[in-house]
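Trainee: These protein sequence lines map, in sequence, to chains A and B.
Using UniProt numbering, the final residue of the first sequence is 244, and nothing's skipped along the way.
Using UniProt numbering, the final residue of the second sequence is 244, and nothing's skipped along the way.
The reader is advised that the hints may include incorrect statements.
Treat identical chains as interchangeable: a pair holds within one or across any two.
Lysine to any residue pairs mimicking SDA-like chemistry, simulated, CA-CA at most 20 Å apart [stated by the list, open to error]:
id	residue 1	residue 2
1	Lys-196	Arg-99
2	Lys-196	Arg-72
3	Lys-25	Ile-120
4	Lys-132	Arg-85
5	Lys-196	Asp-102
6	Lys-139	Phe-12
7	Lys-196	Arg-85
8	Lys-57	Phe-12
9	Lys-25	Asp-143
10	Lys-219	Ala-75
11	Lys-196	Leu-113
12	Lys-219	Gln-65
Everything labelled a hint here was simulated from the structure, so no lab data went into it.
Since the structure is predicted, the reported quantities are computational estimates derived from the model, not experimental observations.
This is what each chain is made of:
2 protein chains.
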Amino acid sequence: MMNTDKHIVSSFDRDLEGVQALVMKMGGLVEAAMLDAAQALDTRDEELAQRVRAGDKAIDALEEQIHTECARLIALRSPTASDLRTVLTVMRIAGNLERCGDYAKNLAKRGTLLAQMTPIEGATGSIRRMTKAVVLMLKDALDAYIQRDASVAADVRLRDREVDQMYNALFREFLTHMLEDPRNITPCMHLHFIAKNIERVGDHATGIAEQVVYLVEGKLPEDDRPKDSGVTALAAASTTGTGA
Amino acid sequence: MMNTDKHIVSSFDRDLEGVQALVMKMGGLVEAAMLDAAQALDTRDEELAQRVRAGDKAIDALEEQIHTECARLIALRSPTASDLRTVLTVMRIAGNLERCGDYAKNLAKRGTLLAQMTPIEGATGSIRRMTKAVVLMLKDALDAYIQRDASVAADVRLRDREVDQMYNALFREFLTHMLEDPRNITPCMHLHFIAKNIERVGDHATGIAEQVVYLVEGKLPEDDRPKDSGVTALAAASTTGTGA
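This is chain A alone, in the form it adopts within the complex (with noise of 0.2 Å):
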């Protein structure tokens, strides 16, 4: 129960109850979807792919259904400034989350078409561990909204920067494997792909972070978070690129 606080729990509160199970739900096929995907990449595993990208649906149709049971909360109980901020975010925190199904499902995809190219090395690897450590700052973010923890979200936060350098790490990696042999140039853009919606899942556990932060604090984080770090790779990158 959520108001400990309290000793009558509120129709509204029974209701939002609700839908937060819906979202913990959301966020465990997101979380299974994402490091699937990435161990189908992995082991060239084409069945395992095919599941996640038939799973999609039923993480686009909980969205919709949260969608759905939020509206209908808003209009039934017509809930104080307070817990109407809470409604909408929750809304938020599941757009969130069907973005990185979208991401899951890419993901897939692509492994099904890398699985018949020449495999790059040790590439695979790196992107799941930087799936491991994405999927561990949502499962993070969604716990720091259920608990309404606004440390456990700033760490979240934090941590974004690591895979930002992660994902920087392996720019550069693949840009030199497309450098060396015009054949490695198809799978690396597909990695690069990857790689780049990998860090875009972090970039939506650090909004659901900041969510948090902003119900539990009132406002939102003050210090911009980095972003764009593309371009920045890109940046560094190109003095090799012209160069070579």
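Place chain B on chain A using the hints.
Mentor: This is chain B only, laid out in the frame that chain A set:
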């Protein structure tokens, strides 16, 4: 005034019109930012690129304002199911526009970097044409919203396929340049990201159009629109890539 069939305009309608005015303002800023960023890229106009980057803050602020106004509107007016759906749609549209603003900013950033590299023949002109096409989609999607016109919205959805085709054609062009000369790899990866992001703005315009259909007809369009065209393009190109 929206409800021409009503003689008395409710407080809700008046408030909604205020929020809608903010959405149209936000749409205007996003459209200008996209066109300016594409022009800055094409003419290597660093000052214009800088203006686009700085302008994103105003777009973000408008989204926050729209969210706050919508929450206030819901709390104050306790709208009916159908009016509530409209308010939630407005919030989603503002979310779509905010993402488009981010893409414009990113385009401007990459434009600044590309201005320091060897030009890729014909590329920035093509990017600018593609930008004009998606900006028109965005404009029409917002008009469809204001007019509650499902047929204009349906037309926007159809045009997304043309944008996908433009993206696929550009993608193949960039790949050819990369295979021809490794020095083209870095600029072409920037250009490819730019093209992908413009295609995503088209997806957001389509998303807005789908919300309009939902609002007018009470359900989302049933046929799946084509997605993940990037994957398809890379699949088609992989023969070229691995065979080079």
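Trainee: Give a verdict on every hint.
Mentor: Now the hints, each set against the structure:
| no. | hint | in the structure |
| --- | --- | --- |
| 1 | Lys-196 - Arg-99 | both (14 Å within a copy, 16 Å between copies) |
| 2 | Lys-196 - Arg-72 | neither (36 Å within a copy, 37 Å between copies) |
| 3 | Lys-25 - Ile-120 | neither (35 Å within a copy, 47 Å between copies) |
| 4 | Lys-132 - Arg-85 | neither (31 Å within a copy, 37 Å between copies) |
| 5 | Lys-196 - Asp-102 | both (13 Å within a copy, 15 Å between copies) |
| 6 | Lys-139 - Phe-12 | neither (25 Å within a copy, 39 Å between copies) |
| 7 | Lys-196 - Arg-85 | neither (31 Å within a copy, 34 Å between copies) |
| 8 | Lys-57 - Phe-12 | neither (29 Å within a copy, 35 Å between copies) |
| 9 | Lys-25 - Asp-143 | within (12 Å within a copy, 37 Å between copies) |
| 10 | Lys-219 - Ala-75 | between (25 Å within a copy, 19 Å between copies) |
| 11 | Lys-196 - Leu-113 | both (17 Å within a copy, 19 Å between copies) |
| 12 | Lys-219 - Gln-65 | between (28 Å within a copy, 13 Å between copies) |
Of the numbered hints stated above, those contradicted by the structure are hints 2, 3, 4, 6, 7 and 8, listed in ascending order.
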